[in-house]
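K.L.:
Here's the letter readout for the chains.
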Amino acid sequence: MTGDAAASAVENLASCHDCGFVVRLAAGAHHAKAHCPRCRAPIHRRKPDSLNRTWALVITAAMLYIPANLFPVMTVISLGKAQSDTILSGAIYLLVHGMWPLALIVVFASVVVPLLKLIALAFLLISVQKGSSWRPRERTKLFHIVEAVGRWSMTDIYVVTILVALVSLGNLATIEAGVGAIYFAGVVVATMLAAESFDPRLIWDQARESSG
Amino acid sequence: MKGTARCPRCRSVLYRRIPDSLDRTLALALAGLFLFIAANAFPFLALKMQGNVTHTTLSTGVKALYEQDTPFVASLVLLTTIVAPLLQISSLIFVLAPLRLGRRIPGQARVFRLLRRVQPWSMMEVFILGILVSLVKLLGMAQIVPGIALWSFVLLIPVLAAASSSLDAEWIWRRVGLAQ
Numbered sequence: 000m001t002g003d004a005a006a007s008a009v010e011n012l013a014s015c016h017d018c019g020f021v022v023r024l025a026a027g028a029h030h031a032k033a034h035c036p037r038c039r040a041p042i043h044r045r046k047p048d049s050l051n052r053t054w055a056l057v058i059t060a061a062m063l064y065i066p067a068n069l070f071p072v073m074t075v076i077s078l079g080k081a082q083s084d085t086i087l088s089g090a091i092y093l094l095v096h097g098m099w100p101l102a103l104i105v106v107f108a109s110v111v112v113p114l115l116k117l118i119a120l121a122f123l124l125i126s127v128q129k130g131s132s133w134r135p136r137e138r139t140k141l142f143h144i145v146e147a148v149g150r151w152s153m154t155d156i157y158v159v160t161i162l163v164a165l166v167s168l169g170n171l172a173t174i175e176a177g178v179g180a181i182y183f184a185g186v187v188v189a190t191m192l193a194a195e196s197f198d199p200r201l202i203w204d205q206a207r208e209s210s211g
Numbered sequence: 000m001k002g003t004a005r006c007p008r009c010r011s012v013l014y015r016r017i018p019d020s021l022d023r024t025l026a027l028a029l030a031g032l033f034l035f036i037a038a039n040a041f042p043f044l045a046l047k048m049q050g051n052v053t054h055t056t057l058s059t060g061v062k063a064l065y066e067q068d069t070p071f072v073a074s075l076v077l078l079t080t081i082v083a084p085l086l087q088i089s090s091l092i093f094v095l096a097p098l099r100l101g102r103r104i105p106g107q108a109r110v111f112r113l114l115r116r117v118q119p120w121s122m123m124e125v126f127i128l129g130i131l132v133s134l135v136k137l138l139g140m141a142q143i144v145p146g147i148a149l150w151s152f153v154l155l156i157p158v159l160a161a162a163s164s165s166l167d168a169e170w171i172w173r174r175v176g177l178a179q
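Protein sequence lines correspond, in order, to chains A and B. Going by numbering that gives the first Met the number 0, the first residue of the first sequence is number 0, and it counts up by one from there. Going by numbering that gives the first Met the number 0, the first residue of the second sequence is number 0, and it counts up by one from there.
Chain B extracted, bound-state conformation (with noise of 0.2 angstroms):
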């Protein structure tokens, strides 16, 4: 198969052969683990109000939120910004590394199906303009200075829509699939 197939009747795209899409996609998933690694290992946001210097991780507001008697707003969050990206790019990675060593292993199809059901939960570049927003509303407060993590979570995303959009999934599915 080869070029792109258009639904007749609304014009949406049915299916686009993507060139080397498993090499290219297993890089940007590998490149976005290490990023979200460092997205949650080291400090998002520093706070510096008279004096005080207050630092913050990913999780700090979601911790925070717990505390407040808040679960569903704290879960919501938690499941936006960590679990949602950490499934998505650790399911690629799952499926399309045995691929790219020639092997097969079991779980492969549930994960990738399970891979689709996430996507839509995956919301950091959301979370990006609610930092903005923050700072905004931050100013003259107090100061705020950015982390090593924040860096890291601004470059995972364009990582992350690219790695979704070299994913060629009929490709994948004609290998983990089945039935053929």
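Pulled out of the complex, with its shape left as it was, chain A reads as follows (with noise of 0.2 angstroms):
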């Protein structure tokens, strides 16, 4: 087989997404309702729409996670007197109690990660956009970390149900779940919807493309 029949017939070879059967579409029908004739799902050859899901998702996180950072996640009533935390006060809040190593996985899964994510799966549509043939197994590689350390995110969210249920039935504090917390909790919904709508294999399309 030539180089170019060889690369016309994976053209039309489809892997289901749900089960991994793989699957050969007629030629030039990418974009019609197949189904997989294993398991029925909807059958594409890369998820459909894929970069332009991936921007709504990450620019709906970005614009999530300012608000999520600015308003209080919790307050804390105690003897008539009301204090707030942030995500950011609450970690320097472990801090200054001298628990470091909590407090940088603390910082980390719910400052750096959201950020991180949010800054990776920008670069990975952009340079599937500019046609980059760039390393793209470090890519690769790149999304599926972020793909897997999104879920440590949802910390804080427990922190506050946590605290929220053990304290608010005691007699001399409460604490109520703040404004922040919704915003936040939206951050980690878009971010996994996201990585979740980002097909991986756009990065290997354009470096088959250049090298071929």
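Hints in this document: simulated from the structure, not taken from any laboratory. Quick reminder that beta carbons are idealized off the backbone N, C-alpha and C, glycines included. Hints may contain errors.
Listed below are several chain A residues computed to face chain B (Cβ distance under 8 angstroms; list not exhaustive) [stated by the list, open to error]:
1) R37
2) M153
3) T154
4) A180
5) V188
Distance windows between CB atoms, simulated [claimed, not checked]:
6) A:W99 <-> B:R103: 46 to 56 angstroms
7) A:W99 <-> B:P18: 42 to 52 angstroms
8) B:R99 <-> A:S88: 47 to 57 angstroms
9) A:K32 <-> B:G2: 31 to 41 angstroms
Each of the two chains sits in its own frame; use the hints to bring them together as a complex.
P.N.:
Printed below as a string of structure tokens:
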């Protein structure tokens, strides 16, 4: 088989996003409504509209990230005094109290991870749109890291939930969830959906076209 | 099929044959079901403050968040700590138990597809980190006593992780899929 014939044979193959079954699609029918013969999931050669969807979710998450860090995630009302905590001040509290290993984890999970995720996804999107063939293997690895670490951002949401549950029933203090928590939960959901809608094979499509 | 198949381009594992996958995964899923029930039925954490003891269960926080008018956050916590793990365990049993008995029942393929969708939203290990941080924040303010449910929850995490890694999805698909 010549290089061209091999490339076009691969071109018409699609692997199911749900069960991994490999299907040969009719030539030129990439956007037809085909279904996986094994599991009935809609089948596409690449995730549909991946770049637009991922951009939309990344931009949404970036906009939510600002109020998520500005507004308090929780307010502690104790003996008539109210004290509000943002994501960052919550981490600083741990640092001040000498819990620096935990503080580092919290700063990493709630400040660094969402930001890193947004920057990495934007970088991957731009590199795909520019048709870059630069280090596809490393860029794929970056995507898999982004996909794996994102969940740890939920830590702060859980802390608020647990503190609210434990303390709101006591007599001396109450803890209330703040608006920041809602925005922060929005950031986590939007970045998770963004990672899910990005198709890492787009990185390799460009790499092959430029090398071949 | 045996051994491991890797992508020639990015070296990721495409397929790995897992020995005794069905028995191991089903056993772990059943163990997971019992731990999940224990994690939800017993007290999770107790708070001792000024002589008062308050018991909470896993769902107390979700309820409190609903009452504080943050239903979105409450739903997200409910989804990631209770609904997703339960769907993960029950769909595994639903797909694997009939196969173990040499049977096929309608809906297995659909449920197995659901499992893959649900997995990223099951975040129990992150919840444990949340508990650690909360304990540190409450130091000096109150005494926290871990309950049976917390230990069940802590055990559930490695059990479910082992279940996912012993699952041979391709092997299952070859048996529950519609076309071969």
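K.L.:
To test your reading of the hints: which numbers does this structure violate?
P.N.:
Hints that this structure does not satisfy do not exist here, as all of them hold.
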